[in-house]
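Student: Chains A and B supply the protein sequences, listed in that same order. Residue 1 is where the first sequence starts when you use the numbering used here, and the numbers rise one by one after that. Residue 1 is where the second sequence starts when you use the numbering used here, and the numbers rise one by one after that.
Hints were generated in silico from the structure; no laboratory data involved. Mixed in with the good hints, there may be bad ones.
Here's a subset of chain B near chain A, in silico, CB distances under 8 Å, partners left out [to be verified]:
#	residue
1	Phe-53
2	Met-54
3	Thr-57
4	Gly-59
5	Phe-88
6	His-90
7	Arg-106
8	Arg-147
9	Ile-151
All residues carry an ideal CB built from backbone N, CA and C; glycine is no exception.
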Amino acid sequence: MSTATRSEDPTGRLGAVLGRLFDFWPMVTVAALGLTTLLLLLPVYNIIGLSFSGTEAGRSLFDNYAMFFSEPYYYRSLINSFIVSISATILALLVGIPAAYFVSRYNIWARSLIKTVVVLTFVSPPFIGSYSWVILLGRSGVLTRFFAEYGISLPSIYGAPGIIFVFTLQYFPFVFLLVSSGLKSIDQSVEDAARNLGSGEFATFMKVIAPLLLPSITTAALLVFVAAFTDLGTPLILGEKFRVLPLLIYGEFVNDFGGQPVLASTLSVLLLAVTTAALLLQRWLSARFSHATAAIRPLTMQEPPPLKRMLAAGYVYLLMAIAILPLVNIVISSFLKANGPVLTAELSLENYRRIAGTLARPLWNTILFTSTATLACAVIGTLIAYIIVRRPGRISALLDTIVMFSYAVPGIVLGVGLVVTYHYPPFALTGTALILIMAYFIRRLPFSVRASVSALQQLSRDTEEASVNLGAGPAATFARVTVPLLSMAILSGVLLTWSNTIRELSATLILQSGSTITVSIEIFNEVVNGNFGVASALGSILILLTFLPLILLFTLMGKNEEALV
Amino acid sequence: MTTSVTIDSVTKRFGDTTAVDAVSFDIAKGEFFTLLGSSGCGKTTLLRMIAGFMRQTSGHIRFGGKVIDHVPPHQRNTGMVFQNYAIFPHLTVFDNIAYGLRARRRGKAEIEREVKRMLELVRLGHLAHRRPRELSGGQQQRVVLARAMVIQPDVLLMDEPLSNLDTEMRMHLRAEIRSLQRQVGVTTIYVTHDQEEALLMSDRIAVMSRGRVEQLDVPHRIYAEPQTLFVAGFIGENNLLPGTVLGREADGGAIIELAGGGRLRGASTTTGDGRACIVSIRPQDIDIADASNGTELSLSGTVGDIQFLGGAVKLMVDIGADKPLTVALPGRRDMAMPTLGSALRLSVPPHAVRTFQPEVGA
Ligand SMILES: Nc1ncnc2c1ncn2[C@@H]1O[C@H](COP(=O)(O)OP(=O)(O)OP(=O)(O)O)[C@@H](O)[C@H]1O
Ligand SMILES: [Mg+2]
Numbered sequence: 001m002s003t004a005t006r007s008e009d010p011t012g013r014l015g016a017v018l019g020r021l022f023d024f025w026p027m028v029t030v031a032a033l034g035l036t037t038l039l040l041l042l043p044v045y046n047i048i049g050l051s052f053s054g055t056e057a058g059r060s061l062f063d064n065y066a067m068f069f070s071e072p073y074y075y076r077s078l079i080n081s082f083i084v085s086i087s088a089t090i091l092a093l094l095v096g097i098p099a100a101y102f103v104s105r106y107n108i109w110a111r112s113l114i115k116t117v118v119v120l121t122f123v124s125p126p127f128i129g130s131y132s133w134v135i136l137l138g139r140s141g142v143l144t145r146f147f148a149e150y151g152i153s154l155p156s157i158y159g160a161p162g163i164i165f166v167f168t169l170q171y172f173p174f175v176f177l178l179v180s181s182g183l184k185s186i187d188q189s190v191e192d193a194a195r196n197l198g199s200g201e202f203a204t205f206m207k208v209i210a211p212l213l214l215p216s217i218t219t220a221a222l223l224v225f226v227a228a229f230t231d232l233g234t235p236l237i238l239g240e241k242f243r244v245l246p247l248l249i250y251g252e253f254v255n256d257f258g259g260q261p262v263l264a265s266t267l268s269v270l271l272l273a274v275t276t277a278a279l280l281l282q283r284w285l286s287a288r289f290s291h292a293t294a295a296i297r298p299l300t301m302q303e304p305p306p307l308k309r310m311l312a313a314g315y316v317y318l319l320m321a322i323a324i325l326p327l328v329n330i331v332i333s334s335f336l337k338a339n340g341p342v343l344t345a346e347l348s349l350e351n352y353r354r355i356a357g358t359l360a361r362p363l364w365n366t367i368l369f370t371s372t373a374t375l376a377c378a379v380i381g382t383l384i385a386y387i388i389v390r391r392p393g394r395i396s397a398l399l400d401t402i403v404m405f406s407y408a409v410p411g412i413v414l415g416v417g418l419v420v421t422y423h424y425p426p427f428a429l430t431g432t433a434l435i436l437i438m439a440y441f442i443r444r445l446p447f448s449v450r451a452s453v454s455a456l457q458q459l460s461r462d463t464e465e466a467s468v469n470l471g472a473g474p475a476a477t478f479a480r481v482t483v484p485l486l487s488m489a490i491l492s493g494v495l496l497t498w499s500n501t502i503r504e505l506s507a508t509l510i511l512q513s514g515s516t517i518t519v520s521i522e523i524f525n526e527v528v529n530g531n532f533g534v535a536s537a538l539g540s541i542l543i544l545l546t547f548l549p550l551i552l553l554f555t556l557m558g559k560n561e562e563a564l565v
Numbered sequence: 001m002t003t004s005v006t007i008d009s010v011t012k013r014f015g016d017t018t019a020v021d022a023v024s025f026d027i028a029k030g031e032f033f034t035l036l037g038s039s040g041c042g043k044t045t046l047l048r049m050i051a052g053f054m055r056q057t058s059g060h061i062r063f064g065g066k067v068i069d070h071v072p073p074h075q076r077n078t079g080m081v082f083q084n085y086a087i088f089p090h091l092t093v094f095d096n097i098a099y100g101l102r103a104r105r106r107g108k109a110e111i112e113r114e115v116k117r118m119l120e121l122v123r124l125g126h127l128a129h130r131r132p133r134e135l136s137g138g139q140q141q142r143v144v145l146a147r148a149m150v151i152q153p154d155v156l157l158m159d160e161p162l163s164n165l166d167t168e169m170r171m172h173l174r175a176e177i178r179s180l181q182r183q184v185g186v187t188t189i190y191v192t193h194d195q196e197e198a199l200l201m202s203d204r205i206a207v208m209s210r211g212r213v214e215q216l217d218v219p220h221r222i223y224a225e226p227q228t229l230f231v232a233g234f235i236g237e238n239n240l241l242p243g244t245v246l247g248r249e250a251d252g253g254a255i256i257e258l259a260g261g262g263r264l265r266g267a268s269t270t271t272g273d274g275r276a277c278i279v280s281i282r283p284q285d286i287d288i289a290d291a292s293n294g295t296e297l298s299l300s301g302t303v304g305d306i307q308f309l310g311g312a313v314k315l316m317v318d319i320g321a322d323k324p325l326t327v328a329l330p331g332r333r334d335m336a337m338p339t340l341g342s343a344l345r346l347s348v349p350p351h352a353v354r355t356f357q358p359e360v361g362a
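Bound conformation, chain B alone (with noise of 0.2 Å):
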């Protein structure tokens, strides 16, 4: 695998706030690349520093094994696109795509060639002499991304560039773009508030959160195995409980007794016997246990309320806890759905079950 994209301990401070904290990867080549995190994390910081638009105020990036922090952001070669367009309002939708090969001095013929091709790919060929303001959101996007593209960047920037769009359009861009991607091969780096969005277009995600890099993985294993609190709670529908690790089996697994008093099996806990911990368990990851397999290390609680989405059965379970823990179950033709107010036994896989250090003043 070569590396495209090298971040080094990128630190940015604006005054007092650190934006952007002793962040570190590496990027491969052709890779589709997410910064996911909430508003404020620092994930635009980042990507305008990758860009050149803003210097980091310690730690270097390099492109290809070269430093760039001192190239002006117009030789850095990389392609932006905007979350608002930044369209060029006064040029046609070929002069826009054509802006950055005349911006490299291309002969006429190249750019007439390349700015067709790429039109072809995004599917705006018929609208090439159009301006932008007679074209749609989601066609002036696709003409933002050809303008990026058409450069063969070193690396594609994107900074949520779906959000100003509705809904149909952005289930529809989010798989263009992702295609367009692989067709072409450019490394992307790509920013998102949704995780949705995240986890289905990338072939890896960097999850933040105050500046820093909460955890770096495959998309199915930032949902399977979060790493901190802060994923485990960020990423999916998750039920987050207060509890402690009373001791461990003879095969490694803890033994944690939620608030309320139930027990359950953890596979892989590090918390420390004796210490309090949060309990991360996914809904579907609950099943409704069997009578007969009765074992002292069950949740039993009330049903306290039923939701019926079609696919899935929610069911908010009481089980002593400040709060109902949330049990999905699959929707199925033939399911027994339980009733409001009967009591449950319910089980869950230790594999399931992951335990955190509770956050310090959170």
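Excised from the complex, chain A in its bound form (with noise of 0.2 Å):
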């Protein structure tokens, strides 16, 4: 038996370990670890050495931190940060619960086009949605001249109260979906036993559905709450002279553009601090709140009194009126003719002549960078996904923990970190397409992973293992096998991916140069020029492509809106 007397000494274990090595899995997690590395960790590593450096000789590691603690300039924004994220949240709270229990509970008239509105809200881009407000409510807007008229001064869009006015309406359907998916995981049962010992409705709900609900509510309350810290659009066109840290980020990496962005990053490690801290604190307390259990017979529809219906049903209408009137006011002003900032009432197809022209380029990069970044998502996703699920153990953990990283990281963060990492030869990327599809991918990817995740915990092991037992290598049986049964849970990720990265703009304000401009970077410049028009016209083209998917999402594939959050 020589074969037997060869493979049982060392030489032959050895070597058999060593072809292990080259094997299909070992090595797409190499390439997953270098891949993941190299776009999100590298990057986020350079930032923080950078935010340590400075360029005179004798200084202390911690100057840049302690200029910006001293500094009122530097540390105002800070807390205005704080501020304006901490108070949408609060409101995001107060308004959207409500909406959503009202909504799941109580039998008001469509509620469907309720839903529909709640999601038009959630994926329209954020920048939009402020400059929508300008239009109606800035100091020559619609609504403001219209008031003015009759002798009412309406309150100011820009500044503070405006910002949080604006994160409110953007992000309270954060609250509204996870919300609404909670309550449909609790047992109409308890509600029964609550009503039984003498509550009444509210007290039942404070008592015993809200704290039910916690795990929804913490949930939604930090994903709000990084949302309105993290964004860039919004304070760029309504702060004025109302600071944020994503603004002073964006004004310093302007300002040191072709020197090292020292502050810029020392801001960034500030945002980034905090985000993965609210990322930490919501894990922690999912993990705490997680009595998740399965409705047996989920909570009924109500029939409430007449009055109670009208009113529930006034305030959700009232709620919802006012979340899609920016994005009802941007596609009826694409077809007003313009009269610089000014919009006459005068229909045309003007704006969407003057942008005929020039349309092409931005529509073209941001198709290309989206599809090709959506593509690799789709792909890279599914194979650390695979890793994750189905190979456990420490590397397949920290790629895990590297990967949900990548959810803390704002996109301006990531941006500033990727010119740090990448703008000097032998790379050179900036201003590349190559950048911005390596930022956009490598921010989508925990959300495909994710996907692909969750998915692939539903599968049986079995039906792989009999696709490696009849003779298909572990590449074949992924392809031939694992991909095809997940098919349907990586489409319905991709179709996400693609309408939420279409509309990015923070990391991309920082990444783009002319050649590599983005329909939502070009919006931004007629913004910021004042051509109102025009960046309506290009806005409705946007929205369009943002919800072109989602279209198909809940058409074709029956999704509903929870897939969302």
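Assembling the complex is the task here: the two chains are given apart, and the hints tell you how they should meet.
Tutor: Next up, the structure:
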């Protein structure tokens, strides 16, 4: 038995071990670790490094931070960021929880229309909402002038109140969607028991329902907080003299361009610290509160007395009307004749005619970058999900952690990090399409991974093992069995990624150059130049591009709006 | 007899638990070999190590004499049938069966021919282009069986393939699997916790308990001559009663006293004199003694319960021990049916009495 003795001796075993390194999955694991390190860890590492450096000799490590916390101009921005984000979070909860409760529990009219409005609000680009509110409530805004004729002066849309207002409207859908799905997991018996013990509806909600909703509520609150804390577009449009941290990063970055963005890096590290802490807090809270049980008999729809029903419906309709107003306004004003920043009441296609000549490049760029990043997310995200679910171990846990860390890295921070890392030769990637695609890819990667992970967890391992057993190697099994079985999950991931990536602004603002201009940048430029009519035409196109995949998702794939969060 | 699969002191540990504990056996070419044992005894673990999905902590596995410890699962040429079918839901019946041949890059004509032949064998020819979701559970299991056999595996591995089916389908497929296996002549390792299935189908059975092989033998010997207390209790209905070996007769037979005072002769008892033991007697080996043939070595008791089962009559006879003795009498037309509460004398042939060491701590 020469073969038997040969494979039992040490050299044979070593050979086998070495051979395994070049197996499919170990290679993919190494590649995924390398890729995420290059696109995420290295940029973050570099801005942290930069934040501790200085140009002058003899400086201490913490000089940049010391300066930040001693100069009011800088530290005020951090305080401001907290003020607007916390306010927006609280308001979004106050506005969103009742709305979700009413829509889920009361048989108010047009519930699917309401859900559509929530989805539209949720996926529309935030900066478009901001400038739409400027058109409506700005100094020469439509509503401002309208009410001024009657002697009523509306509150200003600029500064902190305006930002908080827009954030609240933009992000309350997080609360609405998460609380709605949280309500679905509560069993009717819980409410019945409380009511049976003599609690009224409000008392039952506060004492029984709300505590059970706590996981959804805390998750939603932290998502709103992080989204508001890291948003650049809205404060850029509405901030004026009110400066928040992302705004400062952008400003310093633009100032430092050419040199090393030391200060922008320092500010980025602070922003990242806050978002990372929020993410960790959310993980900790959801682990603590995870008494999630599937409801055997979910909460039923109630038929409240007519007055109550009408009041609830009135509240929800008003909220939805305000939330959808900026989108409606954009579409309408795109068809109005513009006179600089002032829109006339005259219908025309002039705005579209004006963009027709210049639209091709940004549109093509946007579609190309988005599609490439989306494709990369689908392929690499599925591979990584497979490693996390099917090959558990320390290395796969590390990969999981790195990917999830990407949630915490705001777009603007990633942008600065990528420039710091890849600006200089031999890379010299700044201003290329590649660097934008890299940013889009790594930002959406955790979403793709998470979607595939949950689909894979529901897939019995046996089917894949049957394939391996029949002689298909690991790669062939992945391609011929795993991917086909995950195809629906992957496809819906693709649609979501596309729709989320196409409206990206923060990282794009940092990374784009003239030749890589995208539709969102073009809109932004037109807004800054006061060409609201053209901006609206572009905005309408962007909104359309954002919604198309979602329409497919909801109609063809039978997903509901909760797939968004 | 050529050896097809050799398990050589294979052990698998998961942390502190030892799922498979120094198991060794050989399986002959073409043999239908069954691993039988209750839940958690390590059957699946052993099977998965043979398929290569799991690596043993120590020991070796050989196919045809060749150590295959380092061979990855997709190169082992085993055919596995899973408990929950593991059919490829996105492929037709034909493509499911062709999967292994395509992975082996066989020619188109050959694939067509082999799959057709296999479809005929499992009588699914008319369903070749159906999707799995349009098939019944039994049909799906036949597809999976065909899929595993068409690649002519060195060994066919089946992990409780029938446990998800209803009783009727299970009976039917048992016979079908067995006859297919004989036709094709493929070496088979079959995992089940159903002893009837094991006894009915197998050439040999390895009874497993807590990761160890308790006994490995042909079915009727497993049944008639259990080697361990576990096997005696696990296979078939049995009376297991505490007793003591009193001494030996000239022919080597032992005199055994049961709890309750009844005495028996046991032919092949190895337990030492004066030692406590567990006595095992199959209910159907016990007879009602003739009144005339009243030796002192018989049991007497009173009938506590009568269960008439048609083909057999079961008596629960109180012999003064903790548990009643179960006696199974063949239900003949002219049998004298005992009456409840009547006194009985029972006789047991010495070769039907086996003794085991009482298990410590069990
Ligand atoms: N991946 C694993 N990690 C830890 N323990 C395991 C693992 N797989 C099996 N075990 C343990 O090993 C033992 C044997 O499990 P195995 O699945 O082989 O049992 P089985 O005989 O197939 O049982 P069943 O009839 O229920 O299928 C059990 O105690 C089980 O808990
Ligand atoms: Mg098992």
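Student: Could you work out which earlier hints the structure fails to respect and list their numbers in ascending sequence?
Tutor: 2, 3, 4, 7
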